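Residues per chain are reported as follows:
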Amino acid sequence: MNPLIVENLFYTYPDGTQALRGMSFCLAPGQNVALVGPNGSGKSTLLLHLNGLLEAEKGNIEVGGKPMKAQNFDFIRRYLGLVFQNPEDQLFMPTVREDIAFGPSNLGLTGTTLSQRVLESLEMVGLEPVRFLDRPCFNLSVGEKKRVALAGVLAMNPEVLVLDEPSAGLDPRSRRRLIGLIQDLPQTKLVATHDLDLALETCSETILLERGLVITAGPSAQILRDRVLLETHGLELPLSLQ
Amino acid sequence: MLLHVPTFSLAASAYLDSPWHRLDPRTRLLVSVLLVLGLAITPYTAWSSWLVYSLFLLGLVVVSQVSPLTMIKRLGVELLFVTVLLLSILLSGQGVALVTLGPWQITEDSLARFGGVLIRAALSLVSLNLLTLTTPAPRILQALEQLGFPKLLVGVLELMLRFVAVLVDELGSMKRAAQARRAKALLGWQVAGSILGSLFLRTYGRGERVHLAMQARGFKGSFNTGQAPKLKLGDGLVLILVVGFVVGISLGRGVLG
Chain D
-13 MNPLIVENLF
-3 YTYPDGTQAL
7 RGMSFCLAPG
17 QNVALVGPNG
27 SGKSTLLLHL
37 NGLLEAEKGN
47 IEVGGKPMKA
57 QNFDFIRRYL
67 GLVFQNPEDQ
77 LFMPTVREDI
87 AFGPSNLGLT
97 GTTLSQRVLE
107 SLEMVGLEPV
117 RFLDRPCFNL
127 SVGEKKRVAL
137 AGVLAMNPEV
147 LVLDEPSAGL
157 DPRSRRRLIG
167 LIQDLPQTKL
177 VATHDLDLAL
187 ETCSETILLE
197 RGLVITAGPS
207 AQILRDRVLL
217 ETHGLELPLS
227 LQ
Chain S
12 MLLHVPTFSL
22 AASAYLDSPW
32 HRLDPRTRLL
42 VSVLLVLGLA
52 ITPYTAWSSW
62 LVYSLFLLGL
72 VVVSQVSPLT
82 MIKRLGVELL
92 FVTVLLLSIL
102 LSGQGVALVT
112 LGPWQITEDS
122 LARFGGVLIR
132 AALSLVSLNL
142 LTLTTPAPRI
152 LQALEQLGFP
162 KLLVGVLELM
172 LRFVAVLVDE
182 LGSMKRAAQA
192 RRAKALLGWQ
202 VAGSILGSLF
212 LRTYGRGERV
222 HLAMQARGFK
232 GSFNTGQAPK
242 LKLGDGLVLI
252 LVVGFVVGIS
262 LGRGVLG
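Just so you know, the protein sequences line up as chains D and S, in that order. Following my numbering, the numbering of the first sequence begins with -13 at its first residue and continues without gaps. Following my numbering, the numbering of the second sequence begins with 12 at its first residue and continues without gaps.
The set of hints was computed from the structure by calculation and includes no laboratory data. Note that the coordinates shown come from a computational prediction; the quantities given were computed from them, not determined experimentally. Each hint should be verified, as a subset may be incorrect.
Taking lysine to aspartate or glutamate pairs in the DMTMM-like style, the calculated list, with each CA pair at most 20 Å apart, reads [what the hints assert, rightly or not]:
1. S:Lys231 / D:Glu114
2. S:Lys231 / D:Glu222
3. S:Lys231 / S:Glu181
4. D:Lys52 / D:Glu145
5. D:Lys55 / D:Glu109
6. S:Lys231 / D:Glu(-7)
7. S:Lys243 / S:Asp28
8. S:Lys231 / D:Glu217
9. D:Lys44 / D:Glu84
10. S:Lys186 / D:Glu74
11. S:Lys241 / S:Glu169
12. D:Lys52 / D:Glu(-7)
13. S:Lys162 / D:Glu84
14. S:Lys231 / S:Asp246
15. D:Lys55 / D:Glu145
16. D:Lys52 / D:Glu41
17. S:Lys243 / S:Glu169
Facing chain D, according to a computed beta carbon distance under 7 Å, are these residues of chain S, among others [claimed, not checked]:
18. Pro147
19. Pro149
20. Ala188
Glycine included, C-beta positions come from ideal geometry on N, C-alpha and C.
Excised from the complex, chain D in its bound form (with noise of 0.2 Å):
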């Protein structure tokens, strides 16, 4: 079975912007996948679709089998978990304690579980527990706030991860840390980014989007090599590849 199967998508927004126009793609398991594309393309647009956070006009989602319905949210939101391109709108209870706990309690976790789990997911991210369980989130670097971030998502166990642009905004040393992560999560991935050496180096699949369009999807080792093709579509080569 396919964790994700987007067909044929369709969406514009209130003020007449078509930002998908007959979208598709799917994910097999375990695959990771980049979606790379010019501002502009529907990357982000078509993220919040995927977790039933925007509603399309036409087409069809399917995640973990299920179809995008208002009833299957619980499972959707649980299945695949969305991580937002700008930490600061995701974190927001006081301390990285509750806010890794707070996807994990709306899914009916409490107690020792909950501690359990969130504990499990700050490690995972590379975080020392006893330094950041109880920092506020306010006060932390951009690059421990997106960790946190992806800490909260990853807490809720995920089958599919989707990362908005996950090295926006990162130094050299957090966003090889990043590298380093997402290469060692075994979840199915989709990572929707501007960094195309981050794709090259993470995603074995890459998908081109323009106006809310797929222009190509194939092996990212043949579509971030062509220029050409990167060029036409307002990309570059990966700096690595120049």
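Once you've looked at the hints, dock chain S against the given chain D.
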């Protein structure tokens, strides 16, 4: 809360270690509310009772290790507002006038009432400030819920609190952006209007994004606070002591004055 927006640090002394901090947030909340109730039922002329309450609250502030300067700063802002509200009591006196200010006069009775009510308000504020300075706001709301306060109301308060923080964040970044372009301390009406307008839009947008992120993590409209832990023996003893103190003062008022 909004009074403190320029220096938005609600629970500035939350992470100290004192006997007061070791009490359960529910106990701290109940102690503060009991003291405010006790103060509310004290007649404004009961000067000896005010003195006893003042000493008790002073003792609590010392035990909690809250910086007196922080407490005084907060009280200063709050009392400014309270005093303006209480001016009507001061100027509405009947009887022999002590001072006459045009159409208004301050009499002995109105001065005593004003003083009594101001002391009552000040002591109540000390009690509530002690709670809010030492207990993070989400803990107070959690305590309210655990004490049986309606869940929906607590949820509304929690979201309001979160959005006040969003508002302050956005205002802070706009202020810095304006200062970086050498904005003057006093802005013209047009600029101030634009700032307020975009503050609303930006806060609204940010609020939307926060809400989406909450939904993405399974938020369905109510916070899951889990089961409340049982209160410890020490908490029970403190509550009994405070109830005894408030009742004792009320009953002993005849003797005290």
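Verification of the supplied hints:
For the hint linking S:Lys231 to D:Glu114, the alpha-carbon distance of about 30 Å lies beyond 20 Å, and the restraint is violated. A hinted pair counts as satisfied when its Cα atoms are at most 20 Å apart, and S:Lys231 with D:Glu222 does not qualify at roughly 42 Å. A distance of roughly 26 Å separates the Cα atoms of S:Lys231 and S:Glu181; the hinted pair therefore is violated under the 20 Å criterion. For the proposed pair D:Lys52 and D:Glu145, the alpha carbon gap of about 14 Å is at most 20 Å, so the pair holds.
For the suggested pair D:Lys55 and D:Glu109, the alpha carbons sit about 34 Å apart, so the restraint of at most 20 Å is broken. Simply put, S:Lys231 and D:Glu(-7) have alpha-carbon atoms about 27 Å apart, too far for the 20 Å limit, and the pair is violated. For a cut-off of 20 Å, the pair hint linking S:Lys243 to S:Asp28 stands: about 17 Å separates their Cα positions. At roughly 43 Å between alpha-carbon atoms, S:Lys231 and D:Glu217 are farther apart than 20 Å, so this suggested pair is violated.
Only pairs whose Cα atoms come within 20 Å are accepted, and D:Lys44 paired with D:Glu84 is rejected, the gap being roughly 38 Å. For a cut-off of 20 Å, the pair hint linking S:Lys186 to D:Glu74 stands: about 19 Å separates their Cα positions. Between the alpha carbons of S:Lys241 and S:Glu169 the distance comes to roughly 23 Å, so the proposed pair goes past 20 Å and is violated. Between D:Lys52 and D:Glu(-7) the CA atoms are separated by roughly 14 Å; this keeps the pair inside 20 Å, and the hint holds.
For the hint pairing S:Lys162 with D:Glu84, the CA-to-CA distance comes to about 19 Å; that is within 20 Å, so the pair holds. For the given pair, S:Lys231 sits about 33 Å from S:Asp246 by alpha-carbon distance, which is inconsistent with the 20 Å threshold. The suggested pairing of D:Lys55 with D:Glu145 holds, with an alpha-carbon distance near 19 Å, which does not exceed 20 Å. The straight-line distance between the Cα atoms of D:Lys52 and D:Glu41 is roughly 15 Å, inside the 20 Å bound, and the hint therefore holds.
Between the alpha carbons of S:Lys243 and S:Glu169 the distance comes to roughly 26 Å, so the proposed pair goes past 20 Å and is violated. About 6 Å separates the beta-carbon of S:Pro147 from the nearest beta-carbon of chain D, less than 7 Å, and the hint is met. Residue-level restraint check for S:Pro149 holds (minimum Cβ-Cβ distance to chain D is 5 Å; threshold 7 Å). Because the closest C-beta pair between S:Ala188 and chain D is about 16 Å apart, greater than 7 Å, the hint is violated.
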